[in-house]
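**Student:** Sequence:
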Amino acid sequence: MAATPFITIKDLCMDFPETGVATDENQTMIRVLDNINLEISEGEIVGVIGRSGCGKTVLIHLIRGIDNAPTSGQIIYHISRCEKCGKIEFQSKAGTACPKCGDELVALDVDFWNPENEKLKTEIMRRTSLMFQRTFALYGDDRVIENVLRALDDIKYPSEKAIDRAADLLDEVRLTHRMTHVARDLSGGEKQRVVLARQLAREPLFLCADEPTGTLDPKTANIVHDLLKQAAHKQGMGMIITSHFSQVLEEACDRAVLLDDGRITKVGMPDEIVAEFMKDYHDDADYTVQEVGQPIIKAENLLKKFVAVDRGVINAVNNVSFEINEREIFGIIGVSGGGKTTLSKMIAGIYEPTKGSLTVRVGDEWIDMKKPGFMFRGRAKQYISLLHQEYDLYPHRTVIDNLTDAIGLEFPKELATRKAMITLKMAGFTDKKAKDVLNRLPGSLSEGEKHRVALAQVLIREPRIILLDEPTGTMDPITKIDVKHSIMHAREEMDETFIIVSHDMEFVRDVCDRCMFMRNGEIVAIGETDKVLAELSEAELIIMKEAVSAERQRVEAGVAKKATLAGGAPEAEEDENALHKSTEEMFEM
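Quick note on the numbering used here: the sequence shown kicks off at 1 and runs consecutively.
None of these hints come from the bench; they were simulated from the model. Be careful, since some hints might not be right.
SDA-like mimics (lysine to any residue), calculated; alpha carbons at most 20 Å apart, straight line [what the hints assert, rightly or not]:
#1 LYS370 <-> PHE322
#2 LYS93 <-> SER80
#3 LYS370 <-> LEU303
#4 LYS484 <-> ILE422
#5 LYS93 <-> ARG184
#6 LYS432 <-> ASP261
Hey, can you work out the whole structure from these sequences and the hints?
**Tutor:** And the structure:
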């Protein structure tokens, strides 16, 4: 027996203004979704996969009914509705009694975005749910069970049955042991499960999940995938899941769609679509063998101390010596609390060394980074750029403005466009995509696109030394390769020196000529990347792999690294072996 269709998407197109803001009818538009045709059956789980910026989030928002109406095309919901009480059910229930009032359910095909159907659209939206990307959408100060009770109250669930229902929902998402915890104190994976419980409380016919596990470690992601699938089958709920990670499709979906630059290029079984998506996940680019130059950074017996009010003196970087050569790609790795962030901030001129020597070569002259002032540390900082993991773009300025006058670079318009295009391509954009994003606002870009614009913002300053803090944090596998290419090309074309601070061992192995491994503020190993990685213990490798997921989760959730007083201090760490524990006050020495 053929499955009953629930959603039919016909010739769907969506355009956005080139600038990201609608001004007049004659402005240039960018096509984000192009002629989308798709049918989703009742109870079916469909996965949509594609690179960052391919249109996944726009599609899922249109299906859910939020943001602006599509430029053209239709989304048709096939439902049954009780004319007496307005209850919405699947169309396969047409002709049966309404579960709410007992009247008959009548079949309807609703053109979802037609203004004439606004009332029906609202009723359908009450029977669908959305798990947003990059937000956990919880009442942070409330307990877990209170968050679920609020969701039940929103749908006017009988108050006398609400507590039992909330407890059942938490049991369903395996969080019974956390029901009295305050929501803000949960881990990312636990918060995501509370969000799922809140959505299931609405008893939706259809759930839209936008990158539901993109920020979670593999083990937690597996749990959430299982829960999504179990909930769908138990409640007969349909689902559309977007992701740029293939694991989601393989573990949770019945069918999958490959979206590329706003177009559906293939529909099929998840394994087929994953194979098609991942066929570009290879790196066959040829790079010119680079001859590194003379040392450009030297450190001898370098020491950085902090004073914690509750713990006394902390040696964050403890008596380290090393050299980094011109045109070298150098990695700084280590478990959390090893001192790598503190060291990178000393190289960037943000922290002043407590003791020892740190010098940076500008031209033929060596600059002492311990000495403040324009002729010393200030002079070297002009040629050093740091891309923080907590990068930010000016939200009300276009991409080209973010790359030029918004950061103090004033070019004639023609030169600004030319320079911005070159830099965006170096940061991993194709020529077409670079032109598309040039006049758009950051809010209209995907997270991966924003990250590449931030990288371009660093490159366009033409620094001699670039420090990258966790550069691959939230990127899909193919975009990681693009970023690798951009780093390699920047070195070839601009003679840049890169210092990469990362937990991502595979990326460090692929990109770095040499690296150092830090533990407890000291250099444990330094040399060729493969040899250094071979010296890591199994426990350290596991910790660092988990740290990649944890960092991605923190960034996507919008949680900043814990700040401290006196101009900043090393990030507060949770690991029992970390140098830096949470403290209310910490001061530089």
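**Student:** If a hint holds in the structure, say so; if it does not, say that too.
**Tutor:** Status of each hint after checking the structure:
1. At roughly 16 Å between alpha-carbon atoms, LYS370 and PHE322 fall within 20 Å of each other, so this suggested pair holds.
2. Pair hint LYS93 plus SER80 holds up; C-alpha atoms about 7 Å apart against a cutoff of 20 Å.
3. The suggested pairing of LYS370 with LEU303 holds, with an alpha-carbon distance near 11 Å, which does not exceed 20 Å.
4. Annotation: proposed proximity of LYS484 to ILE422 holds, straight-line Cα distance about 16 Å (limit 20 Å).
5. Under the criterion of a C-alpha separation no larger than 20 Å, the hint pairing LYS93 with ARG184 is inconsistent with the structure, at around 40 Å.
6. A threshold of 20 Å between alpha carbons decides the hint, and for LYS432 with ASP261 the separation of about 10 Å falls inside it, so the pair holds.
Of the numbered hints given earlier, the model fails hint 5 alone.
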